[in-house]
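A.B. asks: Sequence lines, in order, name chains A and B. First residue of the first sequence: 1, per this note's numbering; consecutive thereafter. First residue of the second sequence: 1001, per this note's numbering; consecutive thereafter.
Everything labelled a hint here was simulated from the structure, so no lab data went into it. Note that beta-carbon positions come from the ideal geometry of N, C-alpha and C, so glycine has one too. Careful: at least some of the hints might be erroneous.
Stated by the list, open to error - Here are the simulated lysine-lysine pairs, DSSO-like style, with alpha carbons at most 30 Å apart:
(1) A:K177 / B:K1271
(2) A:K177 / B:K1247
(3) B:K1016 / A:K177
(4) A:K132 / A:K160
(5) A:K113 / A:K177
Stated by the list, open to error - If you anchor each label on the Cβ, the simulated ranges turn out as follows:
(6) A:E90 / B:K1275: 24 to 30 Å
(7) B:R1282 / A:Q18: 47 to 53 Å
(8) A:E10 / B:K1271: 39 to 45 Å
(9) B:H1030 / A:G127: 35 to 41 Å
(10) B:N1253 / A:L112: 32 to 38 Å
(11) B:I1003 / A:E125: 48 to 54 Å
(12) B:I1023 / A:D25: 44 to 50 Å
(13) B:P1266 / A:S98: 32 to 38 Å
(14) B:K1275 / A:L112: 18 to 24 Å
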Amino acid sequence: MRLFNSISDEEILVRIRQGDEKVVDHLYKKHYKMMVNHIMKNSGTEDEAKDIYQEAIVVVWQKAASGNLTLTSKISTYLFSICQNLWRKELERKSRLSNEESDAAESVDDDLKERTAIMNQCIMELGETCRKILTYYYFEDMSMNDIAELMGFANADTAKTKKYKCKLELDKIVKSKYSVGDFLD
Amino acid sequence: MFINKPEIIEQYITGKLTGEELIQFQNELHKDPILQSEVALQKEIIHSVQQFRKLQLKQRMDNIAVSAGNSYTGLKVAASIVLAGLVTFGVFNYNLQQKVENFNNQSITPINNQKNEQTDNLDSSPEIAKSNSAESLTNKESLKPVTNVIKPKELSIKNSESTVIATVPNADYHNGDEHLIKDGNVTLPKGELAQGNGDHTLKAEVIVDDLDKSRFHYKYFSGKLFLYGEFANPYELLEWNSAEGKKLFLKYNSEYYKIKDNQMEPIKLEKIMDKKLLNELRQISK
Chain A
1 MRLFNSISDE EILVRIRQGD EKVVDHLYKK HYKMMVNHIM KNSGTEDEAK
51 DIYQEAIVVV WQKAASGNLT LTSKISTYLF SICQNLWRKE LERKSRLSNE
101 ESDAAESVDD DLKERTAIMN QCIMELGETC RKILTYYYFE DMSMNDIAEL
151 MGFANADTAK TKKYKCKLEL DKIVKSKYSV GDFLD
Chain B
1001 MFINKPEIIE QYITGKLTGE ELIQFQNELH KDPILQSEVA LQKEIIHSVQ
1051 QFRKLQLKQR MDNIAVSAGN SYTGLKVAAS IVLAGLVTFG VFNYNLQQKV
1101 ENFNNQSITP INNQKNEQTD NLDSSPEIAK SNSAESLTNK ESLKPVTNVI
1151 KPKELSIKNS ESTVIATVPN ADYHNGDEHL IKDGNVTLPK GELAQGNGDH
1201 TLKAEVIVDD LDKSRFHYKY FSGKLFLYGE FANPYELLEW NSAEGKKLFL
1251 KYNSEYYKIK DNQMEPIKLE KIMDKKLLNE LRQISK
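Take the sequences, apply the hints, and build the full model.
C.D. replies: Next up, the structure:
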């Protein structure tokens, strides 16, 4: 088995497409210091820097998993540019927030948190297979072929049928906790 | 016409619907409030699945031991918290005496039911320490203890920077069977915290699993905090409402630990080392 230290950027992308989450660990550790220190030198706390860096890794993961990432530079350079963009946006957001009345924003935030918690609970109520199929489909934007391969299904049609049933199940769970009208605001 | 075609609704939401069909869909959407509701619901479900996955990946990274190698970071965190403006704390004491022999998530529902039944027996008029500064934030109506073993009283503390409200339940757990789940030998609720107007109080239920005493982990989501480990001594939960959002801390054996929201997988409790933040926490929780 090859050590992660020696794998190329191209191989990292391939492994991400195979759903190998150990690549996340490898990437995260490898560039942590550089990315986080850069944000900290630009008025960020370590918590903020960590969050931005994690977001950047998630972006790389998501794009690579969907097959939509063609590297024109090293992964580290790409990660660095994502971190910079995300941090710039965060600074803008913080600056906007400090100029606004925070009360209204806070109450909206609380509502959103509560809703997110309920939705997460609904997703947690699904079986693991359904959870994986739906996240691969909606987040990683994987094809039914890729999902079938990752999940060990016979073919893309099986994956499609399973995805359909899992989605129906999730809809049912969510609708048991909300009425449809709750989503119109 | 489109309301019964979930695959078309999904294609519309994910931007995959094109051409004539997209125009037809938009026309119908414009006129049909039921379709509008369904689209809104489906948008939220799909968005939630995406966020859930993102969170899973971020939690994986949270479990990786890394360091930026600078000791001043924590001080910056503390400084930003101090500057955040109004700070509100809910301090909750629990005295844990019961032992957990088994645990599963399914056990939560009966606990809640039980608590609701017990609510009527509670002292619903917590004592409120006199403080003018606290009046605008709290009143007797806003605090309703929800277990019969916790009798909250409310304190208010004023310091130069902020007003602090601390709810300190006098938790003294009974050894009775009322805290055990029938078939799971599970303990439980160490208390749902004071329910208030939702702005300044914490709605967390704490569940301790001491099956593996060597562990010192937690997970926290949907207002439920799961602690894994022995937790033989009393602990406190501190909620800090700041402009940056709510922050939750656990105090145990004189140490403080940060509790991250939406932490769905057990993660080790990590001691807060930053001195300034520690001082703030100590001042508030003493």
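A.B. asks: Each hint needs a verdict: does it hold in this structure or not?
C.D. replies: How the hints compare with the structure:
Between A:K177 and B:K1271 the CA atoms are separated by roughly 37 Å; this puts the pair beyond 30 Å, and the hint is violated. At most 30 Å may separate the alpha-carbon atoms for a hinted pair to count; A:K177 and B:K1247 meet this at roughly 27 Å. The hinted pair formed by B:K1016 and A:K177 meets the criterion: a straight-line CA distance of about 29 Å does not exceed 30 Å. The straight-line distance between the Cα atoms of A:K132 and A:K160 is roughly 13 Å, inside the 30 Å bound, and the hint therefore holds.
Restraint check: the Cα-Cα separation between A:K113 and A:K177 comes to about 16 Å, which is no more than 30 Å; the hinted pair holds. Distance hint for A:E90 and B:K1275: a CB-CB separation of about 26 Å, consistent with the stated range 24 to 30 Å. Distance hint check for B:R1282 and A:Q18: the Cβ-Cβ separation is about 49 Å, which falls inside the suggested range of 47 to 53 Å. Look at A:E10 against B:K1271: about 41 Å separates their beta carbons, and that is inside 39 to 45 Å.
Between B:H1030 and A:G127, the C-beta spacing of about 38 Å keeps the proposed range 35 to 41 Å intact. Range check, B:N1253 to A:L112: Cβ separation about 35 Å, and the 32 to 38 Å hint holds. Restraint check, B:I1003 to A:E125: a C-beta distance of roughly 25 Å breaks the suggested window 48 to 54 Å. Restraint check, B:I1023 to A:D25: a C-beta distance of roughly 47 Å satisfies the suggested window 44 to 50 Å.
Distance hint check: the CB atoms of B:P1266 and A:S98 are about 36 Å apart, consistent with the given range 32 to 38 Å. A hinted range of 18 to 24 Å for the beta carbons of B:K1275 and A:L112 is inconsistent with their spacing of about 34 Å.
The structure is inconsistent with the numbered hints 1, 11 and 14, although it conforms to all the rest.
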